[in-house]
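Asker: Sequence:
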Amino acid sequence: MTRRLLLGCSAVGNALVEHARDERGGRDDLVAITDDTGWVSTLRDRNVATVEADPTDPESYPDSAAVVLVASDDAARNVAAARAARERYPDAMIVAHLGAAPTDEQRAAVEAVADRVVDPAEAVAGRVFEAVGLDDDRGAARDASDAVGEFPGADAGRGEKPARLLATLRGLSGPLLVVAHDNPDPDAIASALGLARIAASIGVEADACYGGEIAHQENRALVNLLDIGLRSFDEIDLDAYGGVALVDHSRAGINDSLPEGHPVDVVIDHHPPRGPVAGSFLDVRPAVGATSTLIAEYLSRYGIAPERDLATALLYGIRIDTKDFTRATAIDDFEAAAALLAHADESTLERVESPSVSPETLRVLAAAIENRDVRGSVAASCVGEISDRDALAQAAERLLDLEDVTVTFVYGYTDGVIYGSARARGADLDAGELLRDALDPVGSAGGHASMAGAQVPLGILSEVSESESLPEVVEAFVAGRFFEALEDAPAQPTGLPPEFPTD
Numbered sequence: 001m002t003r004r005l006l007l008g009c010s011a012v013g014n015a016l017v018e019h020a021r022d023e024r025g026g027r028d029d030l031v032a033i034t035d036d037t038g039w040v041s042t043l044r045d046r047n048v049a050t051v052e053a054d055p056t057d058p059e060s061y062p063d064s065a066a067v068v069l070v071a072s073d074d075a076a077r078n079v080a081a082a083r084a085a086r087e088r089y090p091d092a093m094i095v096a097h098l099g100a101a102p103t104d105e106q107r108a109a110v111e112a113v114a115d116r117v118v119d120p121a122e123a124v125a126g127r128v129f130e131a132v133g134l135d136d137d138r139g140a141a142r143d144a145s146d147a148v149g150e151f152p153g154a155d156a157g158r159g160e161k162p163a164r165l166l167a168t169l170r171g172l173s174g175p176l177l178v179v180a181h182d183n184p185d186p187d188a189i190a191s192a193l194g195l196a197r198i199a200a201s202i203g204v205e206a207d208a209c210y211g212g213e214i215a216h217q218e219n220r221a222l223v224n225l226l227d228i229g230l231r232s233f234d235e236i237d238l239d240a241y242g243g244v245a246l247v248d249h250s251r252a253g254i255n256d257s258l259p260e261g262h263p264v265d266v267v268i269d270h271h272p273p274r275g276p277v278a279g280s281f282l283d284v285r286p287a288v289g290a291t292s293t294l295i296a297e298y299l300s301r302y303g304i305a306p307e308r309d310l311a312t313a314l315l316y317g318i319r320i321d322t323k324d325f326t327r328a329t330a331i332d333d334f335e336a337a338a339a340l341l342a343h344a345d346e347s348t349l350e351r352v353e354s355p356s357v358s359p360e361t362l363r364v365l366a367a368a369i370e371n372r373d374v375r376g377s378v379a380a381s382c383v384g385e386i387s388d389r390d391a392l393a394q395a396a397e398r399l400l401d402l403e404d405v406t407v408t409f410v411y412g413y414t415d416g417v418i419y420g421s422a423r424a425r426g427a428d429l430d431a432g433e434l435l436r437d438a439l440d441p442v443g444s445a446g447g448h449a450s451m452a453g454a455q456v457p458l459g460i461l462s463e464v465s466e467s468e469s470l471p472e473v474v475e476a477f478v479a480g481r482f483f484e485a486l487e488d489a490p491a492q493p494t495g496l497p498p499e500f501p502t503d
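In this text, residue positions in the sequence shown follow full-length UniProt numbering: the first is 1, and each later residue adds one.
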């Protein structure tokens, strides 16, 4: 299979060839088609497979291509080549050079079929604005060399993903529904919005939605301050959509409001899956600290400059899931955050990060401290009935500040369900495995080494006698199972990379 096809040649095409050879250590999977005899000779001298033919004639094209660069200096021929390439390779990623002095009509024609458009004139202007310290608001101004640099891809599998994602979105029979996990955190919220933005960039209608509620005060502040258009799943008619995408989780019906096993087209997530993941397009990368990082990467590869609100949300999602780059952070997270910073609104971030704390959160935290049961380096606490489930996670996080405590578990109940949240820092125990061993047999539990959660139906526990109180019954039941599992829990093997947090 031909992964990369160069149609026409110019200084842009020549830069592509040079970059490809540098990145791939002389290994080429590039085929060039040009009728410029000078360029044919030059490319062949560099051991590039070159066909001397009309780059606008699909009869000369290979059977397949994952990525196509249209790179003539002639604007009219670039329009013809881009159209021919899209018709021949409907699923390919097409990067098109506008050529010299394109008309508005030619520009529109190229933009209609290409996934990314390179305009060196605007790129130069953008660099001039940057050099003199002015803000160029024309988001289309991109550096041509950046586009060329992204085209080959040092990692072959990674380089193919942008093209395959667009092909999947184009193949949908109707609008796309982007589903965040229930009770979404900033990473899930931002990722859902980002994927909807990507779909919209190629003319695919998309709605981002969530189940449950947005309870954490910082999450509510994010949604309110940025006026984020995220729909509740209760408002959604699932039959009205031609495809479903999951972000920040990977299985339909598991921690989202979809029916379990509902068909899924796209999955983008950074959590290690706890079961089989199905979908036409899958990008699950546990080595990355946030799903927002993956979405930011796709935006960059498609040449989409994120609007200020979206950039702010994505940056916040990365910061929250990596705990300001101190937990489960990869180089990709730093790179994505650095790129987003230029587009984000820092003053809004400051307001999001310093919201007022709700009375319920303070009550739960106080109860967690007062009721804590500390055994060795592990602290568990029953806080009784709650009205804000997210307060459990905040309390579990804060209990880690207690001296010599490395694992915390805070739990309470509401609406007939016991909810629990665990945190670990610098511990030999895997919090996710601990909760699974303790509570998965009677409910559902899971997570990762540093962050986990559980849900258990109250069931017959709610039928207490007059001599008992429900908080006491819940504490005896949950604490008994938790500390029993703790006694049997093996230490997390040393030398293994830490797992990454779930939400």
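Just so you know, the hints here were simulated from the structure itself, not pulled from any lab data.
Every value quoted in this text rests on a predicted model; they were computed, and no experiment measured them.
The beta carbon of each residue, even a glycine, is placed where N, CA and C say it ideally should be.
The reader is advised that the hints may include incorrect statements.
Said to hold, decoys possible - FRET-style restraints, in silico, Cβ to Cβ:
hint, residue 1, residue 2, range
1, Gly242, Thr326, 25 to 35 Å
2, Ser60, Glu213, 20 to 30 Å
3, Gly253, Gly174, 19 to 29 Å
4, Ser232, Ser347, 26 to 36 Å
5, Gly229, Pro286, 26 to 36 Å
6, Gly242, Leu470, 17 to 27 Å
Asker: Can the suggested window of 26 to 36 Å be confirmed for the beta-carbon pair Gly229 and Pro286?
Answerer: Hint holds: Cβ distance 30 Å, inside 26 to 36 Å.
Asker: Could you tell me whether the CB distance from Ser60 to Glu213 stays inside 20 to 30 Å?
Answerer: 57 Å, violated
Asker: With respect to the beta-carbon atoms only, verify the hint that Ser232 and Ser347 lie 26 to 36 Å apart.
Answerer: 29 Å, holds
Asker: With respect to the beta-carbon atoms only, verify the hint that Gly242 and Thr326 lie 25 to 35 Å apart.
Answerer: Once the Cβ atoms are compared, 41 Å apart, the range 25 to 35 Å for Thr326 and Gly242 is violated.
Asker: Determine whether the Cβ-Cβ distance between Gly253 and Gly174 falls within the hinted range of 19 to 29 Å.
Answerer: 21 Å, holds
Asker: Evaluate the given range 17 to 27 Å for the C-beta pair formed by Gly242 and Leu470.
Answerer: 47 Å, violated
In this structure, the hints that do not hold are numbers 1, 2, 6, in rising order.
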